[in-house]
Amino acid sequence: MSRRPYRSRKNRRLALVIGGLAFLGIAVALVLTAFQDSVVFFFSPTDLAAKEIGPDRRVRVGGLVEEGSVTRGPGDGEIRFLVTDGNTTLPIRYVGVLPDLFREGQGVVAQGRLAGGTFEADEVLAKHDENYMPPEVADALKKQGHWEPGKPMPGSGS
Amino acid sequence: MIAELGHVALTVALMVALLQATVPLWGAARGDTGLTGFARPAALVQFGAVAIAFGALTHAYLVSDFSLVNVASNSHSAKPLIYKLSGVWGNHEGSMLLWVLILALFGAAVAAFGGNLPDGLRARTLAVQAMIGVGFLAFILFTSNPFERLSPAPIDGNGLNPLLQDIGLALHPPMLYLGYVGFSTTFSFAVAALLEGRVDPAWARWVRPWALAAWTMLTAGIALGSGWAYYELGWGGWWFWDPVENASFMPWLAGTALLHSAIVVEKRGALKSWTVLLALVAFSFSLLGTFLVRSGVLTSVHAFAVDPERGMFILGLLAVAIGASFILYAWRAPSMEGGGMFRPISREGGLVLNNLLMSTAAATVLIGTLYPLALETVTGEKVSVGAPYFEATFVPIMVPMILALGVGPLLAWKRGDLAGALGRLWVAALAAVGIGLSVLYLRGAPVGAAIGFGLAVWLAVSVITEWAERVRLFRIPLGQSVARALGLPRSAYGMSLAHLGVAVFIMGAVGETFFSSEVVRFAGPGDRIEIADRTLTFEGVINRNGPNYEAEVGVFVLPSGDRLESERRFYPVEGQRTTEAAIRSRPDADVYAVLGEPAGDGRWTVRIYVKSLVMWLWGGCGLMVLGGLVSLADRRLRVGAPGPRRASWRPAHAGVGDAD
Chain A
0 MSRRPYRSRK
10 NRRLALVIGG
20 LAFLGIAVAL
30 VLTAFQDSVV
40 FFFSPTDLAA
50 KEIGPDRRVR
60 VGGLVEEGSV
70 TRGPGDGEIR
80 FLVTDGNTTL
90 PIRYVGVLPD
100 LFREGQGVVA
110 QGRLAGGTFE
120 ADEVLAKHDE
130 NYMPPEVADA
140 LKKQGHWEPG
150 KPMPGSGS
Chain B
0 MIAELGHVAL
10 TVALMVALLQ
20 ATVPLWGAAR
30 GDTGLTGFAR
40 PAALVQFGAV
50 AIAFGALTHA
60 YLVSDFSLVN
70 VASNSHSAKP
80 LIYKLSGVWG
90 NHEGSMLLWV
100 LILALFGAAV
110 AAFGGNLPDG
120 LRARTLAVQA
130 MIGVGFLAFI
140 LFTSNPFERL
150 SPAPIDGNGL
160 NPLLQDIGLA
170 LHPPMLYLGY
180 VGFSTTFSFA
190 VAALLEGRVD
200 PAWARWVRPW
210 ALAAWTMLTA
220 GIALGSGWAY
230 YELGWGGWWF
240 WDPVENASFM
250 PWLAGTALLH
260 SAIVVEKRGA
270 LKSWTVLLAL
280 VAFSFSLLGT
290 FLVRSGVLTS
300 VHAFAVDPER
310 GMFILGLLAV
320 AIGASFILYA
330 WRAPSMEGGG
340 MFRPISREGG
350 LVLNNLLMST
360 AAATVLIGTL
370 YPLALETVTG
380 EKVSVGAPYF
390 EATFVPIMVP
400 MILALGVGPL
410 LAWKRGDLAG
420 ALGRLWVAAL
430 AAVGIGLSVL
440 YLRGAPVGAA
450 IGFGLAVWLA
460 VSVITEWAER
470 VRLFRIPLGQ
480 SVARALGLPR
490 SAYGMSLAHL
500 GVAVFIMGAV
510 GETFFSSEVV
520 RFAGPGDRIE
530 IADRTLTFEG
540 VINRNGPNYE
550 AEVGVFVLPS
560 GDRLESERRF
570 YPVEGQRTTE
580 AAIRSRPDAD
590 VYAVLGEPAG
600 DGRWTVRIYV
610 KSLVMWLWGG
620 CGLMVLGGLV
630 SLADRRLRVG
640 APGPRRASWR
650 PAHAGVGDAD
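Line by line, the protein sequences give chains A and B.
Quick note on numbering that gives the first Met the number 0: the first sequence kicks off at 0 and runs consecutively.
Quick note on numbering that gives the first Met the number 0: the second sequence kicks off at 0 and runs consecutively.
A few of these clues could be false.
[Unchecked claim] In silico negatives: residues of chain B with every beta carbon more than 10 Å from chain A:
1. G196
2. Y328
3. R567
[Said to hold, decoys possible] The calculated label-pair distances, taken between Cβ atoms and stated as ranges, are:
4. B/Y440 / A/N10: 30 to 36 Å
5. A/G67 / B/G601: 18 to 24 Å
6. B/G601 / A/E103: 20 to 26 Å
[As the list claims (entries may be wrong)] Here are some chain A residues the structure puts well away from chain B; computed CB gaps all over 12 Å:
7. T45
8. A49
9. E65
10. L81
11. G115
12. G116
13. F118
These are computed hints drawn from the structure, not numbers from a lab.
For every residue, glycine included, the Cβ atom is placed at its ideal position computed from N, Cα and C.
Okay, chain B solo, but in the shape it has when bound:
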């Protein structure tokens, strides 16, 4: 019964979305506030209906209702509760339902917090949001119904892919979707602005926090996925340039560009049409990612099922959404008036440079990701484009990016003083060169490592310099500096934290890339394994059973007495094996042990890595996310900040992160 209720709720959601997609548009065109007023309650009802459907599916998983095809093929009564819950989205149908739930959630959020938006803009935005909803609700109802019944119901289910039976499944997909789908809001805002034919101050003020919110969650989602891959797959890597990872990385790159160009629109009223374009591109990348991951054209753990019908449906949605929005852009964007002037060397100029580099990076990632698909379609040849390609294209683009990132925040709006900014960064330059040279000559490290560490230090010291300049540290009495530091807007701290996060992240990435070691060997009980100045003792393998698996546990002991226990699990229900790496994390390096197969003579294949500075990677991502959150908490940026601000809003000064 409850499943049928869920199905009905989904159908209701589709009907409401259809009305929400049309009535407010008509009202906005006619200036009829009665009709535009329909958008807000509709968005809330649509969200409520999807939430009921999602709740119904969750209920079916919790009570193990195997009369549903979806539950029977993806769950099992013996599965621990947490995986029954997260298993709701550990399959194609459920994950699409989560997608639509979050889409409706963002629509409802615009409706709930959009009290101070102009009536027409809000109505159009919600209508566009509902159009996306119509597409994906129809996709679920017609090709991926999670409430399909199975008769007779099996006694028990097939279980969930053991790789997914992990806390990562509970965290990574919802967070990633919040980011991915979060860009639907900026997309809807952009299309609404194009429909109106103008970008008004309210638009600029609204787009930035929404872009920032989506970006923050996408950053967290990608980092969680990366961390999950790092400890779950047992390959010791954190980023593989796998097409599915790229699918989430492209919206991130476009979203990062959007976030920064939105600052220019907000502060200076310039780059309006470019920002609108980026908003379209960011969500187009999200849709492309959904297509790549959900259609089965790519082979990965994310592709749950290969079904051409579904792929064609999403491809159709992709074509309509991207095609229609870009045609609209080509038609309406030229009529948008430009804004404030600026010189190339200025804060705006720096943000434009960020945009160009980010877009270029996104384009190279896009080419590398789609090339194998295109080549196979055209010539039938099968190729793969792996990490070497992405490292050879992405890294060179990031070098000028990081150099400029140190300088940009020190430039004034409109007209900056490059020589002056560089003059204030002498400490950063000195520190960067010092670190680079000492890594090169004292550690005998490769040039790439020296450049990488140098860039990270350059950025970190630049960020601190910029902060010190703002509070005029050591130029005025310390007490006054502290007062200034306390008075800085939160968004200024958000920026500093996020940029510092980039520096810390680079330290981690460079350290992991250049200073890691690996040993693969056969080991028997008592064997000592030497790696990177460390000695591990392999104590042997013991058996231990989990709630729904049997495990062979390889025990490694470090001289400090720390025990690393790597498991080889066998899940009898699914008939599958998984490997759980054992990781001991320390700020300088992770020790990462994997128990492999028995060698047949009483010994086991074991693989040990010492991975340098991996904690810095996660720390850097954490700082970026923290920066996003702190910036979001800024009073002046708060989503739906109360009305009075609007009266005093002035493009050039209302802003946050404004230098003095």
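Pulled out of the complex, with its shape left as it was, chain A reads as follows:
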């Protein structure tokens, strides 16, 4: 650290700018490394089947919970269900308590990893509100031609 007193305002300002830039550099480095392994992509079951996604990558997948597909067990606290976008169906396994608005026939988003054809979810998100469809799910359904804007969303209940 310099012992020279900062005599002029210009010098002090320069020191501030350099200090600021140094922090900015550190921040950019942190942000870039963090982005590399923590950004989670969203896929529909069809996209997921088409892409080669290794078990080491965390992804989100969304669609409708297939009617009658929710089963419990055999493992303790284990829940299995199918999520579909109309074309492709993906089995999901989850250990935990499902969100309150999780329903068969309704939209859901699961986050986790794909392992041997089954999606191992560590988080299951449903809607916060009865009339609300996660936009990712709505788009995924739209893309598969199962929902058109202007028509009621499947399972929206209204």
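With the hints as your guide, set chain B onto chain A.
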């Protein structure tokens, strides 16, 4: 009738705000005290009009006037009174009305307590405050009218989202808004200073208490929201790095930086233009947060309705407010004269370091929050940026922050002695290393936990050391030390309490992160659940009905005999289910039980957490808020403190928290 009165009052408020935004500016430019004098009564009338409108909407909720669209879609006659009241802001229109009410309240407060402000500065500040008011009043009147009628009126309403039927709704939004919108005052002061082209001593003296008040309430508001999420959502977490949480956290980070740089302006007259910039940034973050939360671009419990028109309107307001203020800054700030000199190693230097780290942290949070929106707009790809990103960026920035936080208050103004300060902190260093190593080797904890606890202890002991140094504990007779302790300004205690709060908070955050356990399983009546050296007995599920819901209650019993009752509620009006976690809080850990769905064979899915040191999290937030309040109560800082202080005001010494 009353609803129409509310609508008229809102229109009147808009008219008054339009005049308040223009006439005083004109007067200040011409030096006409008759015209600048218009600002104060206008601010009070504007607040009165908005208060009448808010009262009218509240009345409609209390009497369940379902001829209003807003009441019909968000309330129900069977709802308990407290939720009828808090339901006023449990929807888009009402929450915006609350926003504007608080904005007008701060304007009225500046008018009421601003007796000793220079005439021109006060007039300009109130004019800028009114400009924000014009934008948001127009937003309400043109896109989000809470007084819209519905014909024919339905027999009953649709009810309120059951997640919001909680005492948290009564506390969290008003407190959060007081903080969020509180930064409008410092923003208005900053723009007024830019319009005047100078930062005078009165400006510096005023900005700090207002920033402190807003910061204190924002801290409380965020903590209340966090606590609400912790017990209401049943996920056992207290902070999810959800975009909506980040939206409130960014103004907090900028506000914390502002609070500290304002000290330098007040004491030393330095960093003026930087402080003005931070004041602009803090409120810009508040506006950005309002946009993110209210426009529906984010999906969360806070986004009540997705309406592109509203989103565009707020985006427009955002662009005008931020754009205009930053252009003004670029134009006027270079002409502001600098203030006192200081070396890098000094109290000022420490506060600058705080500012740099806080701003960097805010920037990384901003990038993580906006990246998914930007990426989707540009490429159409959908991503989410979750906790791992924020933990990987935010935590490393906080490590040097906490290290420096221990040292900073021990440095003298202008020219500090780093070696001397570190020499006085040997106890803190020893304690920190001791705790870190013992956690690492005795508990076999991960390195992160050891570093976290070490930092918390370092900070806590540093804060105590700094206090002991001030009262010269054990160096002079105890009686004299006590006299010194009693004589310390309240703001010194405020600082110590708030910094101690940070240490306690870190203890809680680290404990919760590294020493919590979780069990998910199917359980039938009589089953014993083992978790973290505790055994819970699941007694089974009973039925119990509330005022407007039916509940299945899962009963868990601890060996101490404590009963935990987690509910699965069904609200027939709304047709929704909610889960109420059962929590038993103790200083060492919370036991947190959630009753899930039936498994179909007479058993139930249950989820039990043992969450370490969660009470410390809330305690730490409480200490920060207490620190803010104690500091605000300081005589020398009191908002609108009587005039004589002005005569004796000297930048280098009038201050509070001055070491000796």
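Numbers of the earlier hints that this structure fails to satisfy, in rising order: 3, 4
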